[in-house]
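**Q** Each chain, written out:
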Amino acid sequence: MTAPGPPGGQRMDPVPVATQLEHRAETTASAHIRIRDARVSFTRADGPNVDALAGVDLQVERGEFVCIIGRSGEGKTTLLNAVAGLVPLSGGEVLVDDRHVTKPGADRGVIFQADSVFPWMRVLANVEFGLRIRGIPRRRRREVAMEHLRQVELDGVAHAWPRELSGGMRARVAVAAVFANDPEVLLADEPFGALDYVTRRRLQAVILEQWGRTRKTVLFVTHDVEEALVLASRIIVVSRGQIVENLPIELGRPRSEAMLASKEAVAIRALLLEHLGIAAPTTKRHDGAPLAAEELS
Amino acid sequence: MSGRPASPRRRAPLFLRLGVIAIVVAAWELAAHVFTHIGTSGDPTVPSIEFLGTNSIRRLADFWNGGLGAPSPSAGGKETYWGAVLAVGQASAASLERVFVGVTIGLLLGIVVGVLTSTSRRLRAIMAPSMHFLRMVPFLALAPLFEVWFGKTDLGAISFIAYGVSVVTFTGTIGAVSVLPRVFIERAATNGASRWATYRHVILPGIVPAMRATVLTALGLAWTLDVAAEILGTQRGLGVMMDYSLRFSYTGRVIVVALIFLFYAAVTYYLVQYLTAVMIRWQPRHEVEVSQLTAIGGAAPPPTA
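Protein sequences appear in the order of chains A and B.
Under our numbering, read the first sequence as residues 58 to 354, first letter to last.
Under our numbering, read the second sequence as residues 33 to 337, first letter to last.
I should point out that these hints are in silico values taken from the structure, not numbers from a laboratory.
Remember, predicted model here, so these are calculated numbers, not experimental data.
Please note that the accuracy of each hint is not assured.
Example chain A residues on the side facing chain B (calculated, C-beta under 7 Å, incomplete) [stated by the list, open to error]: (1) PHE99; (2) PRO161; (3) VAL167; (4) ALA171; (5) PRO176; (6) GLY187; (7) GLY192; (8) TYR254; (9) VAL255.
Only part of the chain B face toward chain A is listed, based on derived beta-carbon distances under 7 Å [claimed, not checked]: (10) GLU82; (11) ASN223; (12) ALA225; (13) TRP314; (14) PRO316.
C-beta: ideal position from N, C-alpha, C; glycine also.
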């Protein structure tokens, strides 16, 4: 049985399909996430209008790991939520895969800052949730969920209640649940902020491993300069609702302690800390190239 | 990973609990022997345990209209214990049916309208003020109104109970949804869940613990409303027994019927608690205790602003 041909009895030619795809790739050869002049404002209870996002422009290529850092209340989470579709824009636009973001969707998985593991579902059901919503048959979603639990080393507690798990284990459940749903874009909002140092380092490794395997496009909000240095292929600094720094990180992977102590890493760290208002200001502004260590003294 | 039982864990020892009951009973008996005043009906104002256990119980047979081997006292027959059992059984069936039907309707109505209201800003703006107003109106003040509307029928009692239960359940549901962490709803949305799927997988299971306390509160209220409805406007039921006993100052019978009400309220309370325990087995321990405190304290979850 051959596949039905197009009307008129013409034969399907396999070559033009490939050309079409190439053509499509060329015409839509744009960034995975495009944010143009995005604005989010709200009225504070005591009166004034506050711009949580005051005109953000950002392009993120497919497969990039972008960390967003900044002080609290400066718009990091709002930027992420704008991409997630969890906050309405008051101006500008956000496109993911050339589609306007108007509401949340399964193509953009979110790892939340708060514990988002449903306490009323066992661990396995939590990881299956997204697949269940998408109508994946039970047996298939069980396989996928178990595989993702295995990847975060939680297959042994698949039938436990979340309350029986530690905070770090629940964070891993959240990671597994998001990756099991195979989103195009992964959005993470300080997902490990509440965890202890050792657990956080382990989870960073888990995220990097998952990213290495799947090459998802990642937007990762953190307040932790070290975390950003370990994870990012690019670091963006958000301040007062605007992007004030956009810094490609060209350190190798996996990032050894030596790499994180290199001159380049030290310079990036100093620059980021300055943006966060911690280090003394340097005399020279950043011009795109990494600063030399002596410039910072 | 076995579920832990959700029953209260820190109970006083059995002898202490029984001891408290024994002290109350003994104090009552003592009072009966100190205050020996006899009322107009011939019943002591403070009847002794013995009087309650014999005279008062047997004479509840007055409410039996004959049959099943027990004569009708109103037709000149003898008051027998068997007749009393039949009379209480018949009245209990009527009361339990009203409470059961009223609670079922009230819960469904309260939960459905409550969930819809709390997840729709527009509906909330319309509904919430009037529902909170209704919550503030003393239920018992409305009992005569239901009697006027429905007459002395089962429908009147049932709708009165359903009304009270639905108002309490509505405010409880609003409160339960409002304390459900927003991140759960956001997570459902970022998984592409439809509105219906969000209700089914997130909101309804998420509010179960808080709703359990509300349901137990509503159940207690339902018994109160049942007594009121039956005293005011029905032909049969435990409340009718109480009403007639009160009118003729049969203090002993009033107390016996009150104890029967207490028995049913306690049994239904623990039955619901037992049957719903499985629904909250996922809860962390301390939260279980908080919700139980709420239920026992009888306070509805706080309404939203």
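**Q** Take the hints in turn and mark each one as holding or not.
**A** Verification of the supplied hints:
At about 15 Å, the closest approach between the beta carbon of PHE99(A) and any beta carbon in chain B exceeds 7 Å, and the interface hint on this residue is violated. A hinted interface residue such as PRO161(A) counts as satisfied when its beta carbon comes closer than 7 Å to some beta carbon of chain B; here the least separation is about 4 Å, so the hint holds. Among the interface hints, the one on VAL167(A) holds; its C-beta lies about 4 Å from the nearest C-beta in chain B, closer than the 7 Å criterion. The beta carbon of ALA171(A) comes within 4 Å of a beta carbon in chain B, closer than 7 Å, and the hint placing it at the interface holds.
Below 7 Å, beta-carbon pairs count as interface contacts, and PRO176(A) has one with chain B at about 5 Å; its hint therefore holds. Using the Cβ-Cβ criterion of 7 Å, the hint placing GLY187(A) at the interface with chain B is satisfied: the shortest such distance is roughly 4 Å. For GLY192(A), the suggested interface contact is broken, since its CB lies about 10 Å from the closest CB of chain B, more than 7 Å. Nearest Cβ of chain B to the Cβ of TYR254(A): about 24 Å, over the 7 Å cut. The hint is violated.
For VAL255(A), the interface hint is violated, the least distance from its beta-carbon to any beta-carbon of chain B being 24 Å, above 7 Å. Hint status for GLU82(B): violated, given a least beta-carbon distance of 52 Å to chain A, over 7 Å. Satisfaction of the interface hint for ASN223(B) is found here, the shortest Cβ-Cβ separation to chain A being roughly 4 Å, below the 7 Å cut-off. Checking ALA225(B) against chain A by beta carbon gives a least distance of about 5 Å; that is within 7 Å, so the hint holds.
Interface hint status for TRP314(B): upheld, as the beta-carbon distance to the closest one in chain A is roughly 5 Å, under 7 Å. Hint status for PRO316(B) relative to chain A: holds, with the closest Cβ pair at about 4 Å, below 7 Å.
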